[in-house]
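Modelling step: build the complete structure from the supplied sequences, incorporating the hints.
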Amino acid sequence: MRQPVRREDGERHGAVAEGGRGTAVVARTPGVLERRIRPADLEAVAEVRHALQELLHRWDGPASAGLRDTAALLVSELVTNALVHTTGGAVFTATVTDRLRVEVRDWAATRPEPRPPTGDGTSGRGLILVRSLADAWGVRPHGLGKSVWFELGGGPA
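Numbering (UniProt numbering), first residue to last: 1 to 157.
No wet-lab data here; the hints were simulated from the structure.
Careful, some of the hints might be misleading.
Claimed, not checked - Okay, the calculated beta carbon distance ranges per label pair:
#1 L133 to A108: 17 to 25 Å
#2 D135 to H85: 18 to 26 Å
#3 A109 to S64: 33 to 41 Å
#4 R131 to L42: 22 to 30 Å
#5 L42 to R115: 16 to 24 Å
#6 V84 to G138: 19 to 27 Å
#7 L144 to V84: 18 to 26 Å
#8 P39 to R140: 17 to 25 Å
All figures in this text were calculated on a predicted structure; none of them were measured in a lab.
Note that beta-carbon positions come from the ideal geometry of N, C-alpha and C, so glycine has one too.
This is the structure in structure tokens:
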């Protein structure tokens, strides 16, 4: 039997679906998806992307196939960055209202900056893609760590 997941603030929230390796994808309220991601759990990238696409498929707003594809790409980039460049795991949150807002929180103080791609082409494109494709994006510091976020849909923020 699945139990409600307790958030960091101690509040319980409902609809829990099992994710890979015993982690949980959590829908607190309609239009909100939260996923706690263990350190170095790169399999979670595909799980989060799939869960987001399902959420957007049910969205009554202007979620075209193009928006879903762009959101999936940007989520893959942010979650991968959090897992590759930090050591404490991450929390993914997507909120759908008249637009989509995605946040990936980690516990590293280092602020990510777009940089040129490496010569072998394996890194350096993530934040450039986010900056190019999102309607808005940024980094929000927390007492411990930060959230990297983006918004899509509904035009510029």
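Here is what the structure says about each hint:
no.: 1; hint: L133 to A108: 17 to 25 Å; in the structure: holds (24 Å)
no.: 2; hint: D135 to H85: 18 to 26 Å; in the structure: holds (24 Å)
no.: 3; hint: A109 to S64: 33 to 41 Å; in the structure: holds (37 Å)
no.: 4; hint: R131 to L42: 22 to 30 Å; in the structure: holds (23 Å)
no.: 5; hint: L42 to R115: 16 to 24 Å; in the structure: holds (21 Å)
no.: 6; hint: V84 to G138: 19 to 27 Å; in the structure: holds (20 Å)
no.: 7; hint: L144 to V84: 18 to 26 Å; in the structure: holds (20 Å)
no.: 8; hint: P39 to R140: 17 to 25 Å; in the structure: holds (21 Å)
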